[in-house]
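Work out the full structure, taking the sequences as your base and the hints as a guide.
Note that the protein sequences, when read in sequence, are chains L and S. Using the numbering used here, you'd call the opening residue of the first sequence number 1 and step up by one each time. Using the numbering used here, you'd call the opening residue of the second sequence number 387 and step up by one each time.
Treat the hints as calculated values from the structure; they're not laboratory data. It cannot be assumed that every hint is accurate.
[To be verified] Restricting the straight-line Cα-Cα distance to at most 30 Å, the calculated cross-link-like pairs of lysine-lysine (DSS-like) are:
no.: 1; chain 1: S; residue 1: K431; chain 2: S; residue 2: K494
no.: 2; chain 1: L; residue 1: K181; chain 2: S; residue 2: K769
no.: 3; chain 1: S; residue 1: K769; chain 2: L; residue 2: K334
no.: 4; chain 1: L; residue 1: K278; chain 2: L; residue 2: K181
no.: 5; chain 1: S; residue 1: K445; chain 2: S; residue 2: K431
no.: 6; chain 1: S; residue 1: K431; chain 2: L; residue 2: K278
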Amino acid sequence: MDFREADHIRLIRDSLRRFVAAEMPLEAADRWDREDVFPREVVTKLAALGVMGLTVPDTYGGQGRDIPATMAVIEELSKRSLAVAVPYIMCACYGGMNILDSGSEEQKAAYLPRLAQGEMFFAYGLTEPDAGADLAAVRTRAARDGDRIVINGAKRFCTGAEHADFIYALVRSGPEEERYKNLSFVLIPPDAPGVSISRYDAIGMRGAHLNEVIFEDVAIPFANLVGGEAGWNAGWARLAGPALDVEKLEVAAMALGLAEAALEDAWRYAGEREQFGKPISAHQAVRHPLADARTELHAARLVLYHAAWLADRGEPCSAETSMAKLLVCETAEKTILACQRVLGAYGLVRGMPMERYVRDILVFNIAGGSSAIQKNNIANRLGLAR
Amino acid sequence: MDFKEPEHLELLRDTVRRFAERELPRETVRRWDAEDRFPRETFDKLAALGLTGLTVPEKYGGAGRDILGAMVVIEELARHSMVMAVAFIDCACYGGMNIGDVGSEAQKAELLPRIARGEILFAYGLTEPDAASDLASVTTRAMRDGGEVVIDGAKRFCTAAKEAEYIYTLVRSGPAEARYENLSFILVPSDAPGLSMTQIPTMGLRGVPSYDVAFEGVRISAANIVGGEDGWNRGWPMLAGPALDVEKLEVAALGVGAAQAAVEDAWAYAEERIQFGKPIARYQSIRHILADCRARLHAARLVLYQAAWLAGEGLPCGVESSMAKLYATETAKEIALAGQTVMSAYGYATEYDMERYVRDALLLPIIGGTSAIQRNNIANRLKLPR
Chain L
1 MDFREADHIR LIRDSLRRFV AAEMPLEAAD RWDREDVFPR EVVTKLAALG
51 VMGLTVPDTY GGQGRDIPAT MAVIEELSKR SLAVAVPYIM CACYGGMNIL
101 DSGSEEQKAA YLPRLAQGEM FFAYGLTEPD AGADLAAVRT RAARDGDRIV
151 INGAKRFCTG AEHADFIYAL VRSGPEEERY KNLSFVLIPP DAPGVSISRY
201 DAIGMRGAHL NEVIFEDVAI PFANLVGGEA GWNAGWARLA GPALDVEKLE
251 VAAMALGLAE AALEDAWRYA GEREQFGKPI SAHQAVRHPL ADARTELHAA
301 RLVLYHAAWL ADRGEPCSAE TSMAKLLVCE TAEKTILACQ RVLGAYGLVR
351 GMPMERYVRD ILVFNIAGGS SAIQKNNIAN RLGLAR
Chain S
387 MDFKEPEHLE LLRDTVRRFA ERELPRETVR RWDAEDRFPR ETFDKLAALG
437 LTGLTVPEKY GGAGRDILGA MVVIEELARH SMVMAVAFID CACYGGMNIG
487 DVGSEAQKAE LLPRIARGEI LFAYGLTEPD AASDLASVTT RAMRDGGEVV
537 IDGAKRFCTA AKEAEYIYTL VRSGPAEARY ENLSFILVPS DAPGLSMTQI
587 PTMGLRGVPS YDVAFEGVRI SAANIVGGED GWNRGWPMLA GPALDVEKLE
637 VAALGVGAAQ AAVEDAWAYA EERIQFGKPI ARYQSIRHIL ADCRARLHAA
687 RLVLYQAAWL AGEGLPCGVE SSMAKLYATE TAKEIALAGQ TVMSAYGYAT
737 EYDMERYVRD ALLLPIIGGT SAIQRNNIAN RLKLPR
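Here you go:
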């Protein structure tokens, strides 16, 4: 046992912190949020640090897969802005993790080096108007037509689709009755003829954009079937694989970063703000919630990095990753609301990041498998009778 | 970070589990609670396993100090019997940690081998009618009289005072104004003339009775001043030293063990109990409570082990041990109450163990520094302005 963070991860954090200070000042993060801007140029600069390759083996031009380091990057970026953390995940995780785990050899050779360079972004195309938690109920159809696949249907809450190179889309590739056995993943370029994309206006996670995507007779080459020929009708196993376990951790890492930022702000504010002749942090009504927040984030961080350590070693971690997603995201939400209270009215106004943290955190107990779904997973994986 | 447990911890767990199977059946543990009787004969069997030597260096006949190992033993014992876990703490921790850290060479040579053999128990004599969280205000007086120390005063909530061989007593050894500079620790044999004890009936931790202890002209050899002659008026640094950090962890370990027991019983009950034609574990209102409990227990255990690891490495852990105490004991209380909710009326009936878990768990956020005191510690150590 050794609970110290590895030296190379501390170095990555240091370099990320310098990057955030230089390229992601608070005013910029505030503007990306207010104007709902996808900061592509900042993401390009981020890629130059080499961190996109943390999910990609060195044989494909990456740094070698390192899940704890990937989580540290997400956490550090999320402390400042989800508008950059989300594109990082779209490249390193949605792209890198999935192509490495599920791609064909040709796809790995074609895409992993570009992903490791930060040149490609993937958007998830999972949710549909009538399929959210129950993903095996998707209806978007894929039909084979010679060496093409033709897609018809609609995807909803498809984060970053308009900025992505591919929508990593879950489609029904056979009769619906077979439920789990007729699902496939395909790579759909958002600019393919027949794809139309519109945008939701959302209260949080702004900048990355929540899209609605409609597919009308969208023809893609058969080469875009994830996993090649073997991937046809084999989508379910790919969905429920290691990439999904790590996806839960990505969401947890974003939530942790946000909550840490909120706590840092609240801690500093409480030490500076004077009322009744002393800093409000001297009043236990403020002091104790801050001590609680520190404690709970400490626990959340251990749970996250424990699960990341398991995932990195390739050990089974489905229950632990669900626990991490549940506990970290719920803790982060509770912590941020407590921090908002410490700031009083300043926690409500534009111009201070606290109100953004509050809006942003609300997404995380919903996205990436809601808290209720994680509780189902935990009970199921631990074998509770049903 | 490396979360892999050293192998010997699993061996320790196995040892305690086999002991628990033999010596701690449910009916026995329930009887100790009902009769509020301390089972010294069972503790002697535990002592025969050599586990109390986990806090004692080899040169004094122990196994070499192993904080993490000691916490694992406490956790596993508490899972079956809070009484046995506390008895272990009274010997290995109150005795082994304190004498090992602050005893004189003569005291170490005499007492540590006996502690390692599990022959002697120590009760804490800290709290008084008017001094609990504010321990530096104790008024029990100790006066030097030749080669003796004469003690007058009163200690309250002195757990196991009668059952222990020694009361590890904090006394005022000079003028009260000097506050931190006139405190000493004295080893008071529990059968010393002039001591009188009155049991304080309590709702939980029954089997390890708590006492009001009156000291009237109690004469003890000056050789019983903890730390020898150098220990006179040096009590405060002894109180606030590493043993205190570990003491917080002992209570946290009680919490993790108690919570484990509660969630296991609730889990088993939910699988067996049929309502509306199916096990109640299948209803999400029950299922999700259980999943939540498992996640929080997992977090509490990580927080405990991280702090125990720091303590074992000799690294600073004032903050982390307070966080562990706060988090694990509050979690234990929540989990016991949740377990009671799952078992409903059976969680309230004395023929099941759940109501005992609840009674015991309610104590944990109070003893060893309340949750409020831990929050103070955390905020103070992290330098939140006050």
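What's the verdict on K181(L) and K769(S), does the C-alpha distance respect the 30 Å limit or exceed it? violated (57 Å)
Given the hinted pair K431(S) and K278(L), is their alpha-carbon gap at most 30 Å? Judged against 30 Å, a Cα distance of about 56 Å means the pair is violated.
30 Å limit on alpha-carbon distance, applied to hinted pair K445(S) and K431(S): Roughly 23 Å between the alpha carbons, so the hint for K445(S) and K431(S) holds.
Does the structure keep K769(S) and K334(L) at a Cα separation of 30 Å or less? holds (23 Å)
Between K431(S) and K494(S), does the CA-CA distance stay at or below 30 Å? Holds, at about 24 Å.
Quick one, are K278(L) and K181(L) close enough, alpha carbons at most 30 Å? Between K278(L) and K181(L) the Cα gap is close to 65 Å, so the pair fails against 30 Å, i.e. violated.
Of the hints listed earlier, those the structure fails to meet are numbers 2, 4, 6, in rising order.
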